[in-house]
Amino acid sequence: GAVVSQHPSRVICKSGTSVKIECRSLDFQATTMFWYRQFPKQSLMLMATSNEGSKATYEQGVEKDKFLINHASLTLSTLTVTSAHPEDSSFYICSARDLGQSNYGYTFGSGTRLTVV
Amino acid sequence: EDQVTQSPEALRLQEGESSSLNCSYTVSGLRGLFWYRQDPGKGPEFLFTLYSAGEEKEKERLKATLTKKESFLHITAPKPEDSATYLCAVQSISMDSNYQLIWGAGTKLIIKP
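Note that the protein sequences, when read in sequence, are chains A and B.
So the first sequence is numbered by the working numbering: it starts at 262 and just counts up by one.
So the second sequence is numbered by the working numbering: it starts at 112 and just counts up by one.
Isolated chain A, as found in the complex (with noise of 0.2 angstroms):
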């Protein structure tokens, strides 16, 4: 099956550096992406969907200087956080396409814990 590796699955960082989180498409070409948040006994919320070679569409609300989302292949997406904060930390999660599958694709990474100290 369909296989989205994300890391990494843990970061630290401290608070005014850059964390990059990268999603990768192992068995299968991307051409949609989508970038997760989510809260302590929350579900999912969307940040942004991404398509290859062109700009991420972001949600009401989330800051596109902050969130830098790059798709620049059919296998690679990444999301950087520039600048974090403390109130950055939270758990990021991946999720691409496979238009090869049944359930339109929808495949999870493994996601990412980040820690802004």
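Hints are supplied without guarantee of correctness; some may be wrong.
Claimed, not checked - Subject to a maximum C-alpha distance of 30 angstroms in a straight line, what follows is the list of computed DSBU-like cross-link-like pairs (lysine-lysine):
no. : chain 1 : residue 1 : chain 2 : residue 2
1   : A       : 302       : B       : 219
2   : B       : 168       : A       : 302
3   : B       : 179       : B       : 223
4   : B       : 153       : A       : 316
5   : A       : 302       : B       : 153
6   : A       : 302       : B       : 223
7   : A       : 302       : B       : 170
8   : A       : 302       : B       : 180
9   : B       : 170       : B       : 180
10  : A       : 275       : B       : 153
11  : A       : 325       : B       : 153
12  : B       : 153       : B       : 219
Said to hold, decoys possible - Chain A is nowhere near these chain B residues, computed Cβ spacing over 12 angstroms in every case:
no. : residue
13  : 183
14  : 219
15  : 222
16  : 223
Since the hints were derived computationally from the structure, they do not count as laboratory data.
The C-beta atom is built at its ideal place from N, Cα and C for all residues, glycine as well.
With chain A's structure known, arrange chain B on it following the hints.
This is chain B only, laid out in the frame that chain A set:
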């Protein structure tokens, strides 16, 4: 407005005690309803997709059903390893071609041995 509501918020069962989780949805038109399982600190794991009322799907101890207003995830004779948060999501036909999902808040299932 498209909306997904899951109940209960949490459910504690004894091992072997069967029960059901509910996912109620309000959408202008349903393209698909998805069930996922999420373990702590992990990304969601796909379970089922349902497309039309009356459809049912099964996988081991889980069975998902769909009506025009809600979906149920039935769990039969659960085991402790079935403990997880179960998430429901829908895709509305009113959404754009990026196929975004509307998520419920999830049901945390705890199976005690």
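Against the structure, the hints:
Between residue 302/A and residue 219/B the CA atoms are separated by roughly 9 angstroms; this keeps the pair inside 30 angstroms, and the hint holds. Annotation: proposed proximity of residue 168/B to residue 302/A holds, straight-line Cα distance about 27 angstroms (limit 30 angstroms). Under the criterion of a C-alpha separation no larger than 30 angstroms, the hint pairing residue 179/B with residue 223/B is inconsistent with the structure, at around 33 angstroms. Proposed proximity of residue 153/B and residue 316/A is supported: the alpha carbons are some 28 angstroms apart, at most 30 angstroms.
For a cut-off of 30 angstroms, the pair hint linking residue 302/A to residue 153/B stands: about 13 angstroms separates their Cα positions. Using a Cα cut-off of 30 angstroms, the hinted pair residue 302/A and residue 223/B holds, with the two alpha carbons roughly 20 angstroms apart. For the proposed pair residue 302/A and residue 170/B, the alpha carbon gap of about 26 angstroms is at most 30 angstroms, so the pair holds. Only pairs whose Cα atoms come within 30 angstroms are accepted, and residue 302/A paired with residue 180/B is accepted, the gap being roughly 25 angstroms.
Of the supplied pair hints, the one linking residue 170/B and residue 180/B holds, its CA atoms being roughly 22 angstroms apart against a limit of 30 angstroms. For the given pair, residue 275/A sits about 24 angstroms from residue 153/B by alpha-carbon distance, which is consistent with the 30 angstroms threshold. Annotation: proposed proximity of residue 325/A to residue 153/B holds, straight-line Cα distance about 25 angstroms (limit 30 angstroms). With a C-alpha separation of about 14 angstroms, the suggested pairing of residue 153/B with residue 219/B holds against the 30 angstroms cut-off.
Separation of residue 183/B from chain A is adequate, the least Cβ-Cβ distance of about 18 angstroms exceeding the 12 angstroms criterion. For residue 219/B, the non-interface assignment is contradicted: its Cβ lies about 8 angstroms from the closest Cβ of chain A, within the 12 angstroms cut-off. Residue 222/B, annotated as away from the interface, keeps every beta carbon of chain A farther than 12 angstroms; the closest lies near 19 angstroms. Chain A leaves residue 223/B outside its interface by the beta-carbon criterion, the shortest separation being 20 angstroms against a cut-off of 12 angstroms.
Figure legend: structure checked against the earlier numbered hints; hints not met, in rising order: 3 and 14.
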